[in-house]
Amino acid sequence: MTTLTDPPKEHFRLSMLLYDTRYRSATIQVIALIGFMLLAAWIISNTIQNLETLGRTVGFGFFSEPSSYDINQRLLEYDSRDTHLRAAFIGLLNTLVVAVLGCITATIIGVMVGVLRLSNNWLIARIMTVYVEMFRNVPVLLWIVFAMAILIESLPAPRAFRGENPEATMDLFGTVAVTNRGVYIPEFLFSRGLGDIHLFGTSSLRFDVSLDLIAFLIVLGGSIFAMRKVSAWASATQEKTGDRPTIWYIQLGLLFVPSAILLGALGFHLGYPELKGFNFTGGTHLRNSLIALWLALSLYTAAFIAEIVRAGILAISKGQTEAASALGLRPGRTMRLVILPQALRVIIPPMISNYLNLTKNSSLAIAVGYMDITGTLGGITMNQTGRELECVLLLMLVYLTISLSISAVMNWYNNRVKLVER
Amino acid sequence: MSDVSFVRTEMLPEKAPPASEVGVLGWIRHNLFSSWLNAILTIISLFFIYYVLSNILAWTFESVWNANSLSECREIMMATWGDTHGHACWGVIKDRWLQLLYGFYPPYPAHPDATWSNPPETGAWPAYFRPNLTFILLLVAIAPVLFTNVPRKLLFVTAAYPFLLPWLMWGGSIWGPLMVAAGFAIGYFAYKVVLPMAGNLTALILAIALPILWWLFASGSVADAINSVIPIGIAPVESRDFGGFMLAILLGVVAIGVSLPIGIVLALGRQSDLMIVKYLCVGFIEFIRGVPLITLLFVASLLLNLFLPPGTNFDIILRVMIMMTLFSAAYMAEVIRGGLAALPRGQYEGADSLGLNYWQAQRLIIMPQALKISIPGIVSTFIGIFKDTTLVSIIGLFDVIGLTNGIRADTAWNGVYWELFAFIGVLFFVVCFSMSRYSMYLERKLQTGHR
Chain A
1 MTTLTDPPKE HFRLSMLLYD TRYRSATIQV IALIGFMLLA AWIISNTIQN
51 LETLGRTVGF GFFSEPSSYD INQRLLEYDS RDTHLRAAFI GLLNTLVVAV
101 LGCITATIIG VMVGVLRLSN NWLIARIMTV YVEMFRNVPV LLWIVFAMAI
151 LIESLPAPRA FRGENPEATM DLFGTVAVTN RGVYIPEFLF SRGLGDIHLF
201 GTSSLRFDVS LDLIAFLIVL GGSIFAMRKV SAWASATQEK TGDRPTIWYI
251 QLGLLFVPSA ILLGALGFHL GYPELKGFNF TGGTHLRNSL IALWLALSLY
301 TAAFIAEIVR AGILAISKGQ TEAASALGLR PGRTMRLVIL PQALRVIIPP
351 MISNYLNLTK NSSLAIAVGY MDITGTLGGI TMNQTGRELE CVLLLMLVYL
401 TISLSISAVM NWYNNRVKLV ER
Chain B
1001 MSDVSFVRTE MLPEKAPPAS EVGVLGWIRH NLFSSWLNAI LTIISLFFIY
1051 YVLSNILAWT FESVWNANSL SECREIMMAT WGDTHGHACW GVIKDRWLQL
1101 LYGFYPPYPA HPDATWSNPP ETGAWPAYFR PNLTFILLLV AIAPVLFTNV
1151 PRKLLFVTAA YPFLLPWLMW GGSIWGPLMV AAGFAIGYFA YKVVLPMAGN
1201 LTALILAIAL PILWWLFASG SVADAINSVI PIGIAPVESR DFGGFMLAIL
1251 LGVVAIGVSL PIGIVLALGR QSDLMIVKYL CVGFIEFIRG VPLITLLFVA
1301 SLLLNLFLPP GTNFDIILRV MIMMTLFSAA YMAEVIRGGL AALPRGQYEG
1351 ADSLGLNYWQ AQRLIIMPQA LKISIPGIVS TFIGIFKDTT LVSIIGLFDV
1401 IGLTNGIRAD TAWNGVYWEL FAFIGVLFFV VCFSMSRYSM YLERKLQTGH
1451 R
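First to last, the protein sequences are chains A and B. Using the working numbering, the first residue of the first sequence is number 1, and each one after it goes up by one. Using the working numbering, the first residue of the second sequence is number 1001, and each one after it goes up by one.
This is chain A alone, in the form it adopts within the complex (with noise of 0.2 Å):
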């Protein structure tokens, strides 16, 4: 008969550090946080001595100091006598600008020739393959600055517009004007407008809130709200009766019935694009580097998130197709009950990386001119102060600050479609 006894009880030794599984861990991770740390230590050292043979000091007071240079794109009010971080955060708001417009396109795209590169039209099929093969195997850089190149050399100059007979018109009814030093669009005016709400007072981050804005989305807000208590209503009813009341007509009055009383109780109107001289005055005027950098973007991504969702479609067992034909479902319903929110949760990851990757794109504004935070803080900010170790470490934290959002959010939502599904 044998008998279990516990291995003798070993007193601690220096070599079990190494050779013993429990304790070899611990000497690594040790080791290792020693060298990354000695590593930190050194880099710094490097950097505080480069700087006093440079004779420089690390400081962000230049923050304070006019920029004296102008945006030409902006979405606030801003002019060289403004601080280097006004330059900044106008920088910031035209990066989020041209991000948040180049997802929304790009998904639209993506999304659609995605699905039409499954068509069961062979022709169509081919197209969009040769569209999808065309963007993603040439650099983004170049699609940027072909972009631009086209707006510039081949649309017509403001002059083109004048005349008896020009030889350009503006389009949609004369309300839009595409010229080579960019497009112009009808501008929203308010004539009875509320006024704005000035936040922050005169700091560099001052931010005027347009009060016409908030109210249309407080009524749009009850306006929705109100539509969903009437479709519940109409499927309460339909649960008790068996039959659904009519709800779309109520449901269109309440969409648009509210905005239009206060949009005209407002004295809303549009403000059209007006070629006087030699140029348009009135109207928004997106300059040409913005809608290179948008379309290039757009494109460029639309092609990716198309392969994303062409995969994802893919993902979904023919079974699923079958099963929802055999309950009875038309093709439209099985596409929006069944695959859709199945191939959701394959799309939605990659989606995420790629909204990243058009928001880090962004950053090649700098290679057509248009001023996101990389032309300003990284840019002309950086060259006029010479601050490059501010300019640039502050820049790397807002893109990763910026990144880190957007994948937090992105990751939200895809944990609530995934609750949704099963």
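Don't take each hint at face value.
[Stated by the list, open to error] Residues from chain B that face chain A, not an exhaustive set, calculated with beta carbons under 8 Å:
#, residue
1, LEU1032
2, LEU1164
3, PRO1166
4, GLN1271
5, LEU1274
6, MET1275
7, PRO1292
8, THR1295
9, PRO1309
10, ASN1313
11, ILE1316
12, PHE1423
13, ILE1424
14, PHE1428
15, PHE1429
[Stated by the list, open to error] Restricting the straight-line Cα-Cα distance to at most 27 Å, the calculated cross-link-like pairs of lysine-lysine (BS3-like) are:
#, chain 1, residue 1, chain 2, residue 2
16, B, LYS1192, B, LYS1278
17, A, LYS229, A, LYS240
18, B, LYS1153, B, LYS1372
19, B, LYS1094, B, LYS1153
20, A, LYS360, B, LYS1278
21, A, LYS318, B, LYS1445
These are calculated hints, taken from the structure and not from any lab test. Predicted model only: the values in this text are computed from it and were never measured. Just so you know, even glycine gets a beta-carbon here, dropped at the ideal spot from N, CA and C.
Assemble chain B onto chain A, guided by the hints.
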């Protein structure tokens, strides 16, 4: 009532299917005109294709090749077609193709006065011999990695290539790269010699420490010493002469080649149970992936010299290579981590039950499968990095897009856009498209029935 029944006793002869269901007609009917909507879409697409092709083909082929400036091109166009629109002026490519491909790399580095059109009289290597040889050797070196039916002996070229590439491209004494290679040999022999005497761990530490000491303190002076006795070398080329498509290939190859092993290590680190190692890897990967490449290139061009000891002066191409390698390593790590995560748990447990230790399990069981799963991702990272090499034009290197501005600054070619963009686009398309096709081929080949 009679018992008569009409029963067919022999089958009817088989009829041919209707003409509209088979052959070309049937195919057209099924694939192009299966419904009203499809018919309309087909017709619209046909118009679209006709419109695009008629414009592009006319532009490409009704073009001017023999011209030395844009104005000359336009004169020829006016004389031939009576119109300057819709015709390409390929004269710019004919004039500048060498620059677009090689940048300012001297065609005959040993003869500084010679040019492409004015070659040295005798005894010189062919023009652009060194970059071309580097490129051909690259193909030879990666062939045994890419295709299994290539002789295994070629792997020696692969092993020697990391030392050949810098020597051929930058020139100078051969002893520098040889001494760097000697560091690896020292490490190997240290391991072999010490292993029987002092055990695995000491041998490993020595095998890592000795080469590092060699590279840091000895290799440079030894190389100089040998070079003063036996000078073997080729004419050096300055980094600032590098450019064009060659630069994109150079940066791409270095970044891709170096980042793969780093990426594997980072991915293993991120999957590891060691908490500190894991968080260091996660921090590095997420930081690099969270910032645009352009900011890392700013670091390379402006800050890297600040971070290094005073007096170090790396040249800009090397600094860009370092940052691009770090950049692609982070992306590579994520792709490989995906492959590791996709492996069933049973594979790890199987390796454990065989009694393999961590590195044996990784080398023999986990990595072969994980890398196979991640091939599509790895190749698309490759393609992404290769395309991203164009960003160096923003920090002032003369890569192929940076050169277009220089060409346009020349009065002869002021205002030429489309021909240059088309040329560059085709170059990148060919390389990237073949890479993606190769990845598809590999996926099919390695498909060993996992689904």
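27 Å limit on alpha-carbon distance, applied to hinted pair B/LYS1192 and B/LYS1278:
violated (31 Å)
Have a go at the B/THR1295 hint: is there a Cβ in chain A nearer than 8 Å to its own Cβ?
With a closest approach of 5 Å, the B/THR1295 hint holds.
Using 8 Å as the Cβ threshold, decide whether B/PHE1429 counts as touching chain A.
holds (5 Å)
With the threshold set at 27 Å, check whether the alpha-carbon distance from B/LYS1094 to B/LYS1153 stays at or below it.
violated (40 Å)
Mind checking the alpha carbons of B/LYS1153 and B/LYS1372 for me, to see if they're no more than 27 Å apart?
holds (23 Å)
With a cut-off of 8 Å, does the beta carbon of B/LEU1164 approach a beta carbon of chain A closely enough for the hint to hold?
violated (28 Å)
Decide if the proposed pair is consistent with the structure: A/LYS318 and B/LYS1445, CA atoms, cutoff 27 Å inclusive.
holds (25 Å)
For the pair supplied as a hint, A/LYS360 and B/LYS1278, is the alpha-carbon distance within the 27 Å limit?
holds (25 Å)
For the hint on B/PHE1423, does the least C-beta distance to chain A fall short of 8 Å?
For B/PHE1423, the interface hint is violated, since the closest Cβ of chain A sits about 11 Å away, which is over 8 Å.
Answer holds if the nearest beta-carbon of chain A is closer than 8 Å to that of B/LEU1032; otherwise answer violated.
With a minimum Cβ separation of about 6 Å from chain A (threshold 8 Å), the hint on B/LEU1032 holds.
Given B/PRO1309 as an interface hint, is its Cβ closer than 8 Å to any Cβ of chain A?
holds (5 Å)
Hint check: 8 Å Cβ-Cβ cutoff, B/PRO1166 to chain A:
violated (25 Å)
In terms of the numbered hints stated before, the structure departs from hints 2, 3, 4, 10, 11, 12, 16, 19, listed from lowest to highest.
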